[in-house]
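Given the coordinates of chain A, work out where chain W should sit on it, guided by the hints.
From first to last, the protein sequence lines stand for chains A and W. Residues 1 to 336 (UniProt numbering) are what the first sequence spells out, left to right. Residues 1 to 280 (UniProt numbering) are what the second sequence spells out, left to right.
A few of these clues could be false.
[Claimed, not checked] Residues of chain A placed beyond 10 Å of chain W at every Cβ, according to the derived structure:
#1 L131
#2 W141
#3 L170
#4 V173
#5 E179
#6 L202
#7 R245
[Stated by the list, open to error] Selected chain A positions facing chain W (in silico; Cβ < 10 Å):
#8 G88
#9 P93
#10 G217
#11 R220
#12 A224
#13 A226
#14 D229
#15 E230
#16 T231
#17 L277
#18 G280
#19 Y283
Hint data in this document are derived by calculation from the structure and do not stem from the laboratory. Quick caveat, the model's predicted, so the values are computed rather than measured. Beta carbons are placed, not taken as given, at the ideal position from N, Cα and C, and that holds for glycine.
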Amino acid sequence: MTGPILPRRGPASRAAPLAGLAVLALAFVWHVSVGARPIPPGIVAEALLAFDADVLDHVVIVDLRLPRALCAVLVGAALSVAGALMQGVTRNPLAEPGLLGLLIGASFAVVLFVGVLGIAPPAMIPLVAALGATGAAAAVWGIAAAAPGGATPLTLILAGAAITAFLGALVTVATLLDERSFEELRVWLTGSLAGGRLDQALWALPWLVAGLAVALGAARQVTALAMGDETAIGLGMDVGRLKARLLFAVVALTASAVAIAGPMGFVGLVVPHAVRLFAGQDYRRVVPWSALAGAAYLLVVDIAARMVLAPVEISTGLVTALLGAPIFVWLVRARL
Amino acid sequence: MNVPNRNMIDQNRRPRLVVERVSSGYGSTPIVRDVSLAIPDAALTILVGPNGCGKSTLLKTMARVLPASGGRVVLDGRPVHGMPTRDVARRLALLPQGPVAPEGLSVRELVAQGRYPHQTLLRQWSRADARAVEAAMEAADVVRFADRPVSDLSGGQRQRCWMAMVLAQETDIILLDEPTTFLDLKVQVDLMRLLRRIAQEDGRTVVMVLHELNVAAAFADLLVMMRGGRLVAQGPVGTAFTAGALREVFGLEASVLTDPASGRPVCVPLVAPRMAVAAE
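With the rest of the complex left out, here is chain A:
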């Protein structure tokens, strides 16, 4: 995909994708081996390669731990790629599904349709989440554009904070009014990979794959788009159609991540910026690396969520927020 002209193309950089995949595989095996009952990595590999239904560890791995690890991979990749695209398209280093209100919009829609109205079958949840994410994004954009000075990074973040506070309050009210039926949703709302939502994941998977495919296909144009609409038009890009495709990718990725694991804040902020430190600014590299690094990041974060206060498990979304907030502050100081 990249060519001989691009810098850092020595033997080391050719090996880098393999090294990245190796790190991801290690994180994956580590993730599966950790839990209430530690399972040695050797048995994890055995269960994955030669499954035996009579071995209890194998059953635990395949039925309980594998789905969770796969969900972490999918959600981490989706949110990271969504964040990377948003930063490129909006030329805003702080753009991210959480900070611009997409996560709370998707969560609010799911709470409304599933918890309050009780009318959304699992197949519909990604669509409901997509609807909510789009609505919230439009509201944030509208508020920021109407502010004096227009939609700058700062007004977008402030509008995102306002929408997040507003919809967050509505979500809290809904969960307080009917505590029993919100039992499950409450954990989900903190961003959780627990509780085997594999059925959700299967319904969200097509959207997630479509979003990733569009993102990878458009990655090269995002670099030019990050240099301004006029530059992109001058280079022969159909900017309107390109933005529509990227909006689809961002919404599909965010909505499927929310459908699987609830809102996980700051993943889309932390991972792409970390990736840029070693992969540079060209989105042909930033997008695939964000997918890879995001998957590994969420696996490790989920390991921490289960191990730090073991046997008590904290929500993964709380850990991503704890790790993300300081990095957000650093970015504001360095880049805004």
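Okay, now just chain W, sitting in the frame of chain A:
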């Protein structure tokens, strides 16, 4: 490298880029009104005029960044707004005003963006692309910085990087929107020399919006003066750049002298001599 196209021009004789009675602007109020202009091939055309006169708007309309609300821009016999945008980008390149590179993007990565219109999903990067990028960096004299982030360079160096990106696009026509703004005079002149060389030696057509009148007078093959959205005067510098035209277009009282070295006109704004009372 542009030989086939130049042969085509000779046969057609009609300029490749023609503005026909174009009106355009933002929203409903037109900024450019009924402008017609034939851009001479293989020459340096410079648009000047006071702030808000519509020169940038006209350039953007020519580059199909803005739609034309009336009239049309014709490129190689076809309306530019109706052509597939990638087709246009293989013939005509645009350097917008004050472009910003994402922080940390290297010079080589920036210049490589210029190859986009020549690439397809199947043919992502070819030897021709690599050669064009190297040649463009050579021409714009940025090879020394090739692997440094654009954001680390000085204003003049950065502008040369953008020039290299536009050159890597290998188009016969290049449009530039105030490429010399905020640059030191020496840096401006170096950039203009590069553009003149591109027009004269490579036979490419260069159209630019410029603020500095004397720089425009020193380099333009065709000078176009606009005011209030209309084209007021156009012609070779010798006939267009006169004290009368400067008064009419800019409201500027100036003497126009001739630079003995180049034979080009130079304007010197009239300043009332300091009065004796004030000197006291």
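Do the hints match the structure? See the list:
1. L131: 31 Å, holds
2. W141: Per Cβ check, W141/A is outside 10 Å of chain W; nearest 19 Å; holds.
3. L170: Check passes; 36 Å lies beyond 10 Å.
4. V173: 41 Å, holds
5. E179: 47 Å, holds
6. L202: Its Cβ never comes within 10 Å of chain W, the nearest being 30 Å, so this holds.
7. R245: Holds, since 14 Å exceeds 10 Å.
8. G88: With Cβ-Cβ at 8 Å, under 10 Å, it holds.
9. P93: 8 Å, holds
10. G217: 8 Å, holds
11. R220: 7 Å, holds
12. A224: Since chain W brings a Cβ to about 5 Å from A224/A, closer than 10 Å, the hint holds.
13. A226: 5 Å, holds
14. D229: Interface hint status for D229/A: holds (8 Å vs cutoff 10 Å).
15. E230: Holds, about 4 Å.
16. T231: 5 Å, holds
17. L277: 9 Å, holds
18. G280: Given a least distance of 6 Å, the restraint on G280/A holds.
19. Y283: Holds. Min distance 9 Å.
Hint compliance for this structure: no hint is broken.
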